[in-house]
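These protein sequence lines are chains A and B, in that order.
To convert, note that position 444 of the first sequence is 444 in this note's numbering; the numbers rise steadily by one, no gaps.
To convert, note that position 6 of the second sequence is 489 in this note's numbering; the numbers rise steadily by one, no gaps.
FYI, nobody ran anything at the bench for these hints, they're computed from the structure.
As the structure is a prediction and not an experimental result, all values here were calculated from the model.
Treat the hints with caution; some may be incorrect.
Here are the simulated DSBU-like pairs of lysine-lysine, each with C-alpha atoms no more than 35 Å apart in a straight line [as the list claims (entries may be wrong)]: (1) A:K230 / A:K171; (2) B:K814 / A:K335; (3) A:K269 / A:K108; (4) A:K230 / B:K869; (5) A:K108 / B:K637; (6) B:K820 / A:K335; (7) A:K335 / B:K869; (8) A:K280 / B:K814; (9) A:K108 / B:K703; (10) A:K319 / A:K269; (11) A:K335 / B:K554; (12) B:K869 / A:K108.
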Amino acid sequence: MSDVISFLPPREKVLARRSTIIADLADLLPADCLVHEPRELVPFETDAFVAYRRLPLAVVLPHNTAQVAAVLKYCHRYGVPVVPRGAGTSLCGGAIPQEDAVVIGLSKMSRILEVDFANRTATVQAGVTNLSISDTVGPEGYFYAPDPSSQLACTIGGNIAMNSGGAHCLKYGVTTNNLLGVKMVLMDGTVIDLGGKHLDSAGYDLLGLVCGSEGQLGIVTEATVRLIAKPEGARPVLFGFTSSEEAGACVADVIGAGIIPVAIEFMDKPAIEICEAFAKAGYPLDVEALLIVEVEGSEAEMEAMLSSIVEIARRHGVKTVRESQSATEAALIWKGRKSAFGATGRIADYICMDGTVPLSKLSYVLKRTSEIVEGFGLRVANVFHAGDGNMHPLILFNANDPVEAAKAEAAGNEILKLCVDAGGCLTGEHGVGIEKRDLMLHQYTRAELDQQIRVREAFDSQWLLNPSKVFPLDGRPQTAGAV
Amino acid sequence: MQTNFTAEQLADPHVAESEAILRRCVHCGFCTATCPTYVTLGNELDSPRGRIYLIKDMLENGRAADAQVVKHLDRCLSCLACTTTCPSGVDYMHLIDNARAHVENTYRRPLMDRLIRNVLAFVLPYPSRFRAALKLARIGKPFGPMLAGFAPLKPFAAMLTLAPVTLPQPLPQQSQPLAVAKRGRVAILTGCAQPVLDPRINEATERLLTRLGVEIARPKGEGCCGALVHHMGREEQALNFARRNVDVWTREIEERGLDAIIITASGCGTTIKDYGHMLRLDPSYAEKARRISALAKDITEYLATLDLPPLESRGLTVAYHSACSMQHGQKITLQPKALLRNAGFAVRDPAEGHLCCGSAGTYNILQPEISAQLKARKVKNIEATKANIIATGNIGCMTQIASGTAMPIVHTVELLDWAYGGPKPDKLS
Numbered sequence: 001m002s003d004v005i006s007f008l009p010p011r012e013k014v015l016a017r018r019s020t021i022i023a024d025l026a027d028l029l030p031a032d033c034l035v036h037e038p039r040e041l042v043p044f045e046t047d048a049f050v051a052y053r054r055l056p057l058a059v060v061l062p063h064n065t066a067q068v069a070a071v072l073k074y075c076h077r078y079g080v081p082v083v084p085r086g087a088g089t090s091l092c093g094g095a096i097p098q099e100d101a102v103v104i105g106l107s108k109m110s111r112i113l114e115v116d117f118a119n120r121t122a123t124v125q126a127g128v129t130n131l132s133i134s135d136t137v138g139p140e141g142y143f144y145a146p147d148p149s150s151q152l153a154c155t156i157g158g159n160i161a162m163n164s165g166g167a168h169c170l171k172y173g174v175t176t177n178n179l180l181g182v183k184m185v186l187m188d189g190t191v192i193d194l195g196g197k198h199l200d201s202a203g204y205d206l207l208g209l210v211c212g213s214e215g216q217l218g219i220v221t222e223a224t225v226r227l228i229a230k231p232e233g234a235r236p237v238l239f240g241f242t243s244s245e246e247a248g249a250c251v252a253d254v255i256g257a258g259i260i261p262v263a264i265e266f267m268d269k270p271a272i273e274i275c276e277a278f279a280k281a282g283y284p285l286d287v288e289a290l291l292i293v294e295v296e297g298s299e300a301e302m303e304a305m306l307s308s309i310v311e312i313a314r315r316h317g318v319k320t321v322r323e324s325q326s327a328t329e330a331a332l333i334w335k336g337r338k339s340a341f342g343a344t345g346r347i348a349d350y351i352c353m354d355g356t357v358p359l360s361k362l363s364y365v366l367k368r369t370s371e372i373v374e375g376f377g378l379r380v381a382n383v384f385h386a387g388d389g390n391m392h393p394l395i396l397f398n399a400n401d402p403v404e405a406a407k408a409e410a411a412g413n414e415i416l417k418l419c420v421d422a423g424g425c426l427t428g429e430h431g432v433g434i435e436k437r438d439l440m441l442h443q444y445t446r447a448e449l450d451q452q453i454r455v456r457e458a459f460d461s462q463w464l465l466n467p468s469k470v471f472p473l474d475g476r477p478q479t480a481g482a483v
Numbered sequence: 484m485q486t487n488f489t490a491e492q493l494a495d496p497h498v499a500e501s502e503a504i505l506r507r508c509v510h511c512g513f514c515t516a517t518c519p520t521y522v523t524l525g526n527e528l529d530s531p532r533g534r535i536y537l538i539k540d541m542l543e544n545g546r547a548a549d550a551q552v553v554k555h556l557d558r559c560l561s562c563l564a565c566t567t568t569c570p571s572g573v574d575y576m577h578l579i580d581n582a583r584a585h586v587e588n589t590y591r592r593p594l595m596d597r598l599i600r601n602v603l604a605f606v607l608p609y610p611s612r613f614r615a616a617l618k619l620a621r622i623g624k625p626f627g628p629m630l631a632g633f634a635p636l637k638p639f640a641a642m643l644t645l646a647p648v649t650l651p652q653p654l655p656q657q658s659q660p661l662a663v664a665k666r667g668r669v670a671i672l673t674g675c676a677q678p679v680l681d682p683r684i685n686e687a688t689e690r691l692l693t694r695l696g697v698e699i700a701r702p703k704g705e706g707c708c709g710a711l712v713h714h715m716g717r718e719e720q721a722l723n724f725a726r727r728n729v730d731v732w733t734r735e736i737e738e739r740g741l742d743a744i745i746i747t748a749s750g751c752g753t754t755i756k757d758y759g760h761m762l763r764l765d766p767s768y769a770e771k772a773r774r775i776s777a778l779a780k781d782i783t784e785y786l787a788t789l790d791l792p793p794l795e796s797r798g799l800t801v802a803y804h805s806a807c808s809m810q811h812g813q814k815i816t817l818q819p820k821a822l823l824r825n826a827g828f829a830v831r832d833p834a835e836g837h838l839c840c841g842s843a844g845t846y847n848i849l850q851p852e853i854s855a856q857l858k859a860r861k862v863k864n865i866e867a868t869k870a871n872i873i874a875t876g877n878i879g880c881m882t883q884i885a886s887g888t889a890m891p892i893v894h895t896v897e898l899l900d901w902a903y904g905g906p907k908p909d910k911l912s
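Next comes chain B alone, as it looks inside the complex:
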């Protein structure tokens, strides 16, 4: 597609990157068909092609973001279904990243919007703050429906609705000796929200890997991957999270070596695999970040390399929900299902598997109405499989889908841990 930027504009590396991405787009419109918001709202402005055009117009004219443009950019889930569909190879992910940073730098949001975003950015990336906030939310939960009556307070209502009534307590950490000869050494991202909401996921990961002969490194000091604030356009905060993790893992690599950095939340995986790109303009981090990104592996991606033995059928059917960050962000589509089948589970693909469940980081809080419609659609498709269990690889999807169905939902790795000698997941008891 033709673009219209001056040489002066192109001197800004972010504009130059956006321009190169825009040049790839031929405006064919294929992306509209698989975009959850276009399918839901039926408006070009809420499709990838529409947003690409809005961004192009804003950047070409060197204009600050305004309420109309922000409305449509905010509605993007960053599910990246469009990048799977796009035949032209338009790098929508980095275009919308640049646009969000532009919005953050040039647009003053209305008061309530600013407030909710500040709260999210202050609380979510920090486990202790998040745990405290969830305790408070339990007290506030009955007021949720009342808040939902006022448009500006809807995000708060959505937060209260999503907040779980009880939180599972982490089990005491046990370092078990390797059961078999050592096959590798990995770090597992602890992350931020997941250990609070569901510590069982990483516990299952550690048990399974240990049984398989993989040594678990526990580097001190890592934290949130930065995705939550990155998707809000808060670039500096996101880069600081990234730098901290790069430092921690780099030290571990240099001191004792790492074969992989294992991620059990695919939303985080997409971001960590992008550290190399995010920090490319920072000379003191570019090289280190590239190395970290190359080592980042989703747990299923890593397990697929370990040749797990095939197991007898367990007589259980699993509906596999592929998180957007898994299938579109990281293009991991086959391994999780192959591992489950190999472990004796029958696997079913829900219809419209390419469509987002509406979780999308903080989207279910910031865009509760669209998110609720997507959740209902997703749950209907999953329930139609008549499976016994839902398995997925992202904590956000787990929380979102669990709030809409009585079917038990677990992380893929919890089923694999169970199949290969671990305990039965709590949620299935």
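Just chain A, with the same shape it has in the complex:
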């Protein structure tokens, strides 16, 4: 296990009361909602950022908002930290617990409450998976647009916590652009509703504040999201290039020309090989870099947009252009792309970066990324949302080799700093979590960060909600367990 990033030291008073807390939680909840046996806590010690692990004090799996409120009220009263968890798919450790914390898992709250086609909204419990919303409304010709690659498993609650994106967000925006309302439980157990079925609400945009707050302002238990009508048609097209730099420059020129396809995804050669081995999608194996460009609309619209993109790609020496020929083939192309991280597990362990850079810097950052990783003697695979400039270098290493693991983390930090220095940011869609927490001062000035901290304290003055995340432990106020 890695230990470069530290967690807050556990609150001794809470640890000392462990058995009382568990007995009290057992009174608050039905038996199937409480996990506290040491053996059974182990699988909750981490999420998809598996290099870091901490056993929680207990895990609760409530069925409804009232139960979430009861647990939060209790934890507030006795000063017990709380870590919210959706499906545990966070790549930045957003759901990793700590020894003195109660994990509140939303996985039993997985019902779709209402689909309102007249208002183009769906209201769902926070534990509903992202994809199940689109699956439910699909037959009526609608979908929910943000599509993280983990959309099969990740929950809408987790998406809101991290303001998640996805391949199709280039055109439709990320979670915050598709979220209309939430029901949220505050740390003291108060239940509030923010937003509704309308595009804007009176007063402050607290909904905007909550989206991306990483479970530190409250726990969202229900969400109302915007549904979008499916286009007439959609088609992914594969563009193969002889170098990553050319592919990157092509993306910048496409967007620069004012052309906004639904998605522009990038894969370099190592990523192409990994994804093709898993999905057998027909990605070209004789190119150095691949763009998956999805266009949508009527046949005429798709043709028109494609021909402009092909023209730009030709100027960058595109080697192959291949349109998907069937719905099955299109599905395979996306399956390969969306399984890229997991499929990487076939060849090595990895950590996945999430920096975002201005498109004009894409080629430069790709080149520097390779140099940095090679400098540490490691390998990298790049597969990312190029249209958004949201990069995901996967740094490959051997998790059973502590030296390699430390090198991978160090290389990751350098890459993230590079993204910030290039005018971008630390995280495009995965969130800060534990992973990027100590780099926040590379992104923000102390004054900027302190302003965010003041907002956080307005919601949770005792720093009980997901307390080890987002803000560096240095320089926190005393209440936050400053070290």
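Since the structure of chain A is already known, use the hints to place chain B on it.
For chain B alone, kept in the frame of chain A given last:
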């Protein structure tokens, strides 16, 4: 994922295999989404990722299994939907096999649990015992609901509920001459529970193959494939079943030759295709078992190679239920539906087709509550297709689904036999 085993631990081939499987997992969580128990219970501990973690913790610490771990491992259906979903290629099947054997070797189950498992392992794999037990069950059937009131007796109640009221009698075996030039020679697994519960399936298989010019071999002495006890972690008993079948088929191959070993219950097919792996550490069987596994074919897999002629529409709609052992265990997804369409049936896919019906070998007896929830969900999805008939390729699913719906359910091969000149299946009359 990082693992922590000593060289001494890794000297055990089962631990070494488990370690290699665990190293593939990147803990991404995709598998949770398609796991029937996670979808039903909403608890990480009842998901593949949770179970992988429990197994990892148990094996790394060289610890005996305990009640908590066993509870969650027992809830696994072995449907293998997770292996279809997993992008990292985690071989969950062999990991849970190893874990079940570890449980069996290191954990003493409560009395009633031991009793029910002993009864199942003693009765189910043997057709004569199973037939006798079903006769007894008919007498006990009225007491089922009473037993269900006591938690430890629920499995017995589930058994009585599942036991059919009447059993179809096998038709006298007729060896018909091949109608056309010989195209191959195959053995058909007789198996254990299926010939008792529904002898019509293999009768239809024999008729159809014979009409198509395939000679049927009848090697003496084969029996249960071993899956039932294998899934209970009773490794030695399972391997002995496997060895017996390997011997019988090997003799047949060497004496008169076999082009395929046909299996009409996909649950058995998954296991027989794994004989090569199961017996890999037994030097006197490893090679023979590999050969048997390579020859094992689901009936639809084999029929798909015979180029059956397309037929006119029959005006009947079939909801095709893909058994987990078919779609996840053997990755056979297209052939059964293509054969049915080619034979003139309209085929519909029920929603959530990847989810298990809750049958899963002895699961509907050992975990009756989860099984009942999965059955209800499956039946609802199947009935929503508004099809005339349900077709599937596994006897376990047939028994399970039939107990929850009035729609007729038949084996895919029964429809194909009917379409290509055989009699109409009884259940459709």
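Hints versus structure:
1. A:K230 / A:K171: Between K230 (chain A) and K171 (chain A) the Cα gap is close to 13 Å, so the pair holds against 35 Å.
2. B:K814 / A:K335: holds (17 Å)
3. A:K269 / A:K108: With a Cα-Cα distance of about 40 Å, the restraint between K269 (chain A) and K108 (chain A) is violated, given a limit of 35 Å.
4. A:K230 / B:K869: holds (27 Å)
5. A:K108 / B:K637: Judged against 35 Å, a Cα distance of about 25 Å means the pair holds.
6. B:K820 / A:K335: Given pair K820 (chain B), K335 (chain A) holds - Cα atoms ~23 Å apart, limit 35 Å.
7. A:K335 / B:K869: holds (30 Å)
8. A:K280 / B:K814: Status holds; Cα separation ~15 Å.
9. A:K108 / B:K703: violated (52 Å)
10. A:K319 / A:K269: holds (14 Å)
11. A:K335 / B:K554: holds (34 Å)
12. B:K869 / A:K108: holds (30 Å)
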